[in-house]
Amino acid sequence: DGGITQSPKYLFRKEGQNVTLSCEQNLNHDAMYWYRQDPGQGLRLIYYSQIVNDFQKGDIAEGYSVSREKKESFPLTVTSAQKNPTAFYLCASTQKPGETQYFGPGTRLLVL
Amino acid sequence: SQKIEQNSEALNIQEGKTATLTCNYTNYSPAYLQWYRQDPGRGPVFLLLIRENEKEKRKERLKVTFDTTLKQSLFHITASQPADSATYLCALAGFTGGGNKLTFGTGTQLKVEL
Chain A
110 DGGITQSPKY LFRKEGQNVT LSCEQNLNHD AMYWYRQDPG QGLRLIYYSQ IVNDFQKGDI
170 AEGYSVSREK KESFPLTVTS AQKNPTAFYL CASTQKPGET QYFGPGTRLL VL
Chain B
316 SQKIEQNSEA LNIQEGKTAT LTCNYTNYSP AYLQWYRQDP GRGPVFLLLI RENEKEKRKE
376 RLKVTFDTTL KQSLFHITAS QPADSATYLC ALAGFTGGGN KLTFGTGTQL KVEL
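Chains A and B supply the protein sequences, listed in that same order.
According to this note's numbering, the first sequence is numbered sequentially starting from 110.
According to this note's numbering, the second sequence is numbered sequentially starting from 316.
Keep in mind the hints are simulated off the structure, nothing from the lab.
Just to be clear, a hint being listed does not mean it is correct.
To be verified - Derived SDA-like pairs: lysine to any residue, alpha-carbon spacing no greater than 20 Å straight-line:
#1 B:K426 to A:Q150
#2 B:K318 to A:Q150
#3 A:K166 to B:N415
#4 A:K205 to B:A346
#5 A:K205 to B:N415
#6 B:K378 to A:T209
#7 B:K374 to A:Y211
#8 A:K118 to B:D354
What the hints assert, rightly or not - Ranges between beta-carbon positions, derived for each pair:
#9 A:T186 to B:S316: 26 to 32 Å
#10 B:N368 to A:Q204: 19 to 25 Å
#11 A:L136 to B:S316: 31 to 37 Å
#12 A:T195 to B:E320: 22 to 28 Å
#13 A:N193 to B:N342: 26 to 32 Å
#14 B:T383 to A:A190: 37 to 43 Å
#15 B:N368 to A:F121: 45 to 51 Å
Stated by the list, open to error - Not the full set, but computed from the structure, chain A residues with beta-carbon under 10 Å of chain B:
#16 Y142
#17 R153
#18 L154
#19 F197
#20 L199
#21 C200
#22 P206
#23 G207
#24 F212
#25 G215
We treat Cβ as the ideally placed atom computed from N, Cα and C, and that holds for glycine.
Chain A extracted, bound-state conformation (with noise of 0.2 Å):
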């Protein structure tokens, strides 16, 4: 089945802690995406890739960065300089950017 992937569903976080959460695409798309969501709002974009080994700042970057070594793979790490990660992270991809995105399950992240 082709799809995107993320993991893990809940994360916790310390204190000063990076974390990073993962998402993996088989659907052969070029470009990806990372959003935040908060309750009651919109997504708000934090990176994006259009293509393997490059990747740009979306509104929210701040405290949070990203790799992009394969096509599949679009790991995002929040660092301890993020601090407010509370929030719901959503992984997307698209075969042609500003057409249809498909999205992963999601990752909660909590603070403990």
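Since the structure of chain A is already known, use the hints to place chain B on it.
Coordinates of chain B only, in the frame set by chain A:
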């Protein structure tokens, strides 16, 4: 600044009626406008895409209109069912600069009652 507005109040309708959701935008020249459905605790699922030169798009019980003069899209679900209850998000991709990414509205929650 660019802004996308969706009604933040939940829309409650009776089963069998037509639900109409609104998406308004300002300071934007979208190339595409899209509608997604999101269930609680899940990722959004794509429903329909309409291009700036199209007025209307249909898919089964769904219909989207796009008025670039009014800067508005309407999303209709006919013969609504309780299973249609979800949050519906509109998203825009622009012609210049932002054409390679989507900007999402905050979504409108739809509740279809028996």
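Q. Which hints from the list above does the structure break, by number from lowest to highest?
A. none
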